[in-house]
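Chains as they are written, first to last, in our numbering: chain B, 1 to 631; chain P, 1 to 204.
In case anyone wonders, no lab produced these hints; they're calculated from the structure. Do not take every clue at face value.
Claimed, not checked - Derived pair list, reagent style DMTMM-like, types lysine to aspartate or glutamate, alpha-carbon separation capped at 20 Å:
#1 P:172 / B:385
#2 P:172 / B:628
#3 B:617 / B:628
#4 P:172 / P:97
#5 P:172 / P:63
#6 B:617 / P:131
#7 B:617 / B:566
#8 B:153 / P:170
#9 B:318 / B:240
#10 B:153 / B:240
#11 B:617 / B:17
#12 P:172 / B:240
#13 P:172 / B:70
#14 B:158 / B:136
#15 P:172 / B:554
#16 B:617 / B:562
#17 B:153 / B:17
#18 B:158 / B:70
#19 B:158 / B:233
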Amino acid sequence: MNIDAADEAQLEATWRDPPGWLGAISAVNHKTISCRFMVATFGFFVAGGILALLMRLQLAQPSNSLIGADRYNQLFTMHGTTMMFLFAVPVMQAFAIYLVPLMIGARSVAFPRMNAYAFWIFLFGGVMLYVAFFFDTGADAGWFAYVPLSTFKYSPTKRVDFWAQMITFTEVSAMMEAIVLITTILKMRAPGMTLNRMPLFVWGVLVTSVMVLFALPAVVLASTALITDRLVDTRFYSPEHGGDVLLWQHLFWFFGHPEVYLIFIPPLGFISTIIATFARRPVVGYRTMVLALIATGFLAFGLWVHHMFATDLPELGKLFFTAASLLIALPTAVQIFCWIATLWSGRLWFRTPLLFVLGFFAILLLGGLTGLMLASVPLDLQLHDTYFVVAHLHYVLLGGAVFPLFGAVYYWFPKFTGHLLGETLGRWQFALFFIGFNVAFFPMHLLGLQGMPRRVYTYPAQTGWTGLNLLSTIGALAIGLSVLLFIVNVARSWRGGVVAGNDPWSAGTLEWSVASPPPAANFNVVPVVHALSPLWQPGGTPSHVTGLSGEHREVLITSIADAEPDHRLWLPASSPWPFVAAIATTILFIGSIFSPWAVVWGAIPVAAACTMWFWPKQDMTQHRRSSEVPP
Amino acid sequence: MTPPVEKPGDALDASVLPTFAFGPRSPMWWGTLGMIVVEGMVFALTIMAYFYLRSRSPAWPQESLPPDLFWGSLNVILMLLSGVPTGWTKRAAERQDLRCVRIGMAVCVVFGLACLLVRIGEFSTLNVRWDTNAYGSVVWMLMGLHTVHLVTDTYDSIVLAVLMVTGPLEGKRFVDVAENAGYWYFVVASWLAVYAVVFWGGRL
Numbered sequence: 001m002n003i004d005a006a007d008e009a010q011l012e013a014t015w016r017d018p019p020g021w022l023g024a025i026s027a028v029n030h031k032t033i034s035c036r037f038m039v040a041t042f043g044f045f046v047a048g049g050i051l052a053l054l055m056r057l058q059l060a061q062p063s064n065s066l067i068g069a070d071r072y073n074q075l076f077t078m079h080g081t082t083m084m085f086l087f088a089v090p091v092m093q094a095f096a097i098y099l100v101p102l103m104i105g106a107r108s109v110a111f112p113r114m115n116a117y118a119f120w121i122f123l124f125g126g127v128m129l130y131v132a133f134f135f136d137t138g139a140d141a142g143w144f145a146y147v148p149l150s151t152f153k154y155s156p157t158k159r160v161d162f163w164a165q166m167i168t169f170t171e172v173s174a175m176m177e178a179i180v181l182i183t184t185i186l187k188m189r190a191p192g193m194t195l196n197r198m199p200l201f202v203w204g205v206l207v208t209s210v211m212v213l214f215a216l217p218a219v220v221l222a223s224t225a226l227i228t229d230r231l232v233d234t235r236f237y238s239p240e241h242g243g244d245v246l247l248w249q250h251l252f253w254f255f256g257h258p259e260v261y262l263i264f265i266p267p268l269g270f271i272s273t274i275i276a277t278f279a280r281r282p283v284v285g286y287r288t289m290v291l292a293l294i295a296t297g298f299l300a301f302g303l304w305v306h307h308m309f310a311t312d313l314p315e316l317g318k319l320f321f322t323a324a325s326l327l328i329a330l331p332t333a334v335q336i337f338c339w340i341a342t343l344w345s346g347r348l349w350f351r352t353p354l355l356f357v358l359g360f361f362a363i364l365l366l367g368g369l370t371g372l373m374l375a376s377v378p379l380d381l382q383l384h385d386t387y388f389v390v391a392h393l394h395y396v397l398l399g400g401a402v403f404p405l406f407g408a409v410y411y412w413f414p415k416f417t418g419h420l421l422g423e424t425l426g427r428w429q430f431a432l433f434f435i436g437f438n439v440a441f442f443p444m445h446l447l448g449l450q451g452m453p454r455r456v457y458t459y460p461a462q463t464g465w466t467g468l469n470l471l472s473t474i475g476a477l478a479i480g481l482s483v484l485l486f487i488v489n490v491a492r493s494w495r496g497g498v499v500a501g502n503d504p505w506s507a508g509t510l511e512w513s514v515a516s517p518p519p520a521a522n523f524n525v526v527p528v529v530h531a532l533s534p535l536w537q538p539g540g541t542p543s544h545v546t547g548l549s550g551e552h553r554e555v556l557i558t559s560i561a562d563a564e565p566d567h568r569l570w571l572p573a574s575s576p577w578p579f580v581a582a583i584a585t586t587i588l589f590i591g592s593i594f595s596p597w598a599v600v601w602g603a604i605p606v607a608a609a610c611t612m613w614f615w616p617k618q619d620m621t622q623h624r625r626s627s628e629v630p631p
Numbered sequence: 001m002t003p004p005v006e007k008p009g010d011a012l013d014a015s016v017l018p019t020f021a022f023g024p025r026s027p028m029w030w031g032t033l034g035m036i037v038v039e040g041m042v043f044a045l046t047i048m049a050y051f052y053l054r055s056r057s058p059a060w061p062q063e064s065l066p067p068d069l070f071w072g073s074l075n076v077i078l079m080l081l082s083g084v085p086t087g088w089t090k091r092a093a094e095r096q097d098l099r100c101v102r103i104g105m106a107v108c109v110v111f112g113l114a115c116l117l118v119r120i121g122e123f124s125t126l127n128v129r130w131d132t133n134a135y136g137s138v139v140w141m142l143m144g145l146h147t148v149h150l151v152t153d154t155y156d157s158i159v160l161a162v163l164m165v166t167g168p169l170e171g172k173r174f175v176d177v178a179e180n181a182g183y184w185y186f187v188v189a190s191w192l193a194v195y196a197v198v199f200w201g202g203r204l
């Protein structure tokens with residue numbers, strides 16, 4: 001179904017963000033925001049990787065003096081903080097912001113201005129943390145900033161304050177993105193896309209976003225209490241005034257464990273999508289897969305205490321959390337079996353995205369097995385705070401998130417840019433990454449079993465850890481080289497790669513029905529969906545929607561379960577006010593590090609900017625009134 | 001490019017659909033619900049922190065008196081009463097009755113400001129400072145969190161009340177009024193929880 005060229009041009013003009021620098025800060029198109037978000041998170045990934053390489057260089061030799069203890073503390077804290085808060089969680093949301101509307105047949109996300117605001121404060125929060133780092137004020141109390149080390153008494157500089165405010169920035173951003181995504185998924189699916197026909201990736205994003213709403217408030221509360229303890233002498237974590245240090249651990253891990261699944265569940269969606277396309281058939285057991293995702297989301301909230309087995313909690317309580325930690329392997333196993341069945345019964349097409357997914361299977365299996373080991377209390381006590389834990393968490397996070405993520409980039413890059421990434425370079429990158437990863441992290445298991453503690457800046461030669469550490473460093477360099485190859489591949493393919501066309505993979509989901517890169521309005525004609533894989537299965541009637549305005553950003557709102565057309569809505573125009581509000585918010589947050597009164601005077605510009613953001617325009621309102629249809 | 005000839009029944013016509021809707025039909029409702037879940041979770045976790053600290057403490061309140069009941073209880077009464085004009089305004093918005101919405105919004109703003117005034121009284125009779133002990137910290141955290149909600153929703157109501165008088169107005173603004181009223185219910189409900197914990201958690 002097509003429209004004529006004049007209508008297409010009109011639609012493009014309606015949905016495109018304005019040009020120039022003012023247009024750049026006024027942009028609200030979900031694809032523009034998402035691309036910025038992806039580039040920003042990838043930038044933080046590279047920064048965090050460089051920090052990791054510096055650490056590995058320091059550890060390559062015993063008693064090395066390349067980096068001192070204080071700098072090393074900043075390095076591992078910044079590395080963990082960057083990878084968890086500035087890369088792993090937001091990069092998944094960034095992908096979702098691009099893909100979800102295209103996969104569900106929508107022209108936009110639900111709250112495009114809030115989406116833009118969420119990006120800006122994420123960016124400003126991350127940049128703030130790095131600016132502080134370059135002024136030797138980098139966070140240095142570990143990425144989970146345990147009290148009492150992170151309290152004012154033991155960390156009297158501003159380092160931890162910047163860390164705590166970075167949490168506020170990034171988590172506010174993540175919660176807003178979650179609200180944008182949930183509303184988009186529930187209310188803006190194309191007619192006919194019932195919940196039963198929703199792509200598995202979109203299910204993964206929905207489950208993740210709901211988890212964000214329940215998990216992230218815990219870390220916001222924890223870090224707010226930390227910063228008030230540090231700045232205005234509240235006593236939450238100070239035992240001599242009736243406070244309690246374990247309160248921090250409970251709050252942090254009530255967020256921290258679900259966070260692992262915030263990082264892991266969207267990649268499960270990447271994997272389901274990639275496997276379906278490259279096995280040339282829909283994933284086996286669609287409903288089972290959906291139920292497994294939801295079960296994972298629930299169980300993820302019952303695991304947090306397994307990070308606290310080395311504290312004085314009741315033994316019976318620890319047993320419960322051991323059981324829950326073992327239980328969550330079940331829904332993951334169910335999904336893996338469904339994928340194996342899909343691969344087994346499909347016709348496999350070995351392209352780079354599939355290679356990364358197969359890499360995921362191997363790495364995650366190893367990470368999962370060491371997870372089962374750590375879930376038992378006696379073994380955890382032995383291995384707590386050793387390199388065994390470092391090995392485990394990298395196997396889980398890189399295996400569970402970064403491998404599928406690279407697969408996803410290779411898979412969707414043609415949609416983002418119109419060009420395929422180079423296949424030969426892709427295979428080299430995969431091979432280097434896979435081998436480099438195992439060479440870097442497998443030795444850490446052995447180092448941990450031999451008793452090497454994590455977060456030490458050096459070790460004496462007599463420990464006998466030199467060989468394995470050197471091996472690990474060589475592996476880390478291979479990973480670095482692999483990422484460099486990826487950057488070269490992206491740079492070369494951005495403009496010059498093989499032209500992709502609408503659907504280079506002959507895939508089944510809606511995003512492949514539109515041009516690459518997609519037009520500003522995504523769909524020239526809003527489709528009506530009749531199947532789980534609309535591009536693989538025969539269509540039906542009606543096939544598309546008419547009667548939506550092309551002169552205004554009008555979208556179709558549908559019902560939650562069955563996606564029946566409900567009403568039409570005009571989305572707001574592009575606007576610089578979300579950017580201005582983000583600047584005002586940044587001034588408030590950074591100001592509050594230096595004076596508690598910033599919360600008061602800083603709130604005035606925020607309120608003013610938000611009011612300007614909300615205040616309707618006369619001409620648009622007039623247009624709307626002339627065509628209004630009341631419910 | 002010429003458009004292909006359409007068969008009848010091939011297109012789903014959206015032009016007859018309404019251009020705004022109330023309640024769960026509206027994306028705004030879902031956005032508001034999302035905020036309520038997040039903020040409700042912050043309240044719930046702070047209350048859990050309160051009882052966690054209480055369970056680890058030999059005396060509660062730690063070396064101070066519980067807050068005076070007068071101002072907090074007065075605010076309970078005020079907020080419960082504010083439900084009446086809030087509900088009335090919400091229903092007026094849903095039937096797009098501009099005159100009643102204007103009156104209702106004005107009354108709601110007055111209630112919001114009154115609650116804030118009473119809040120000053122509450123803070124002055126908490127009988128503990130935030131830096132006295134952990135009990136004081138968590139009490140001030142709960143009160144502070146709720147006050148932020150009170151301030152922001154009262155400010156939102158003022159902005160919306162002004163807009164409903166000055167315009168520019170369209171049907172969608174009635175949805176905003178209805179959602180604002182729904183959010184106020186959350187502010188009231190969360191106060192009932194915070195009041196019970198702050199004013200009675202140190203007595204029972």
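So, going through the hints one by one against the coordinates:
1. P:172 / B:385: Not satisfied, since the Cα-Cα distance of roughly 55 Å exceeds 20 Å.
2. P:172 / B:628: Answer holds: residue 172 of chain P to residue 628 of chain B is near 10 Å, not above 20 Å.
3. B:617 / B:628: Holds, because 16 Å separates the two Cα atoms, which is no more than 20 Å.
4. P:172 / P:97: holds, 13 Å
5. P:172 / P:63: violated, 53 Å
6. B:617 / P:131: Roughly 47 Å between the alpha carbons, so the hint for residue 617 of chain B and residue 131 of chain P is violated.
7. B:617 / B:566: violated, 26 Å
8. B:153 / P:170: Roughly 56 Å between the alpha carbons, so the hint for residue 153 of chain B and residue 170 of chain P is violated.
9. B:318 / B:240: Judged against 20 Å, a Cα distance of about 27 Å means the pair is violated.
10. B:153 / B:240: Given pair residue 153 of chain B, residue 240 of chain B holds - Cα atoms ~12 Å apart, limit 20 Å.
11. B:617 / B:17: At roughly 17 Å apart (the allowed maximum being 20 Å), residue 17 of chain B and residue 617 of chain B satisfy the hint.
12. P:172 / B:240: Violated, at roughly 55 Å.
13. P:172 / B:70: Violated. Residue 172 of chain P to residue 70 of chain B sits at ~56 Å, over the 20 Å cutoff.
14. B:158 / B:136: Judged against 20 Å, a Cα distance of about 10 Å means the pair holds.
15. P:172 / B:554: Holds, at roughly 14 Å.
16. B:617 / B:562: violated, 34 Å
17. B:153 / B:17: violated, 50 Å
18. B:158 / B:70: Holds, because 14 Å separates the two Cα atoms, which is no more than 20 Å.
19. B:158 / B:233: holds, 15 Å
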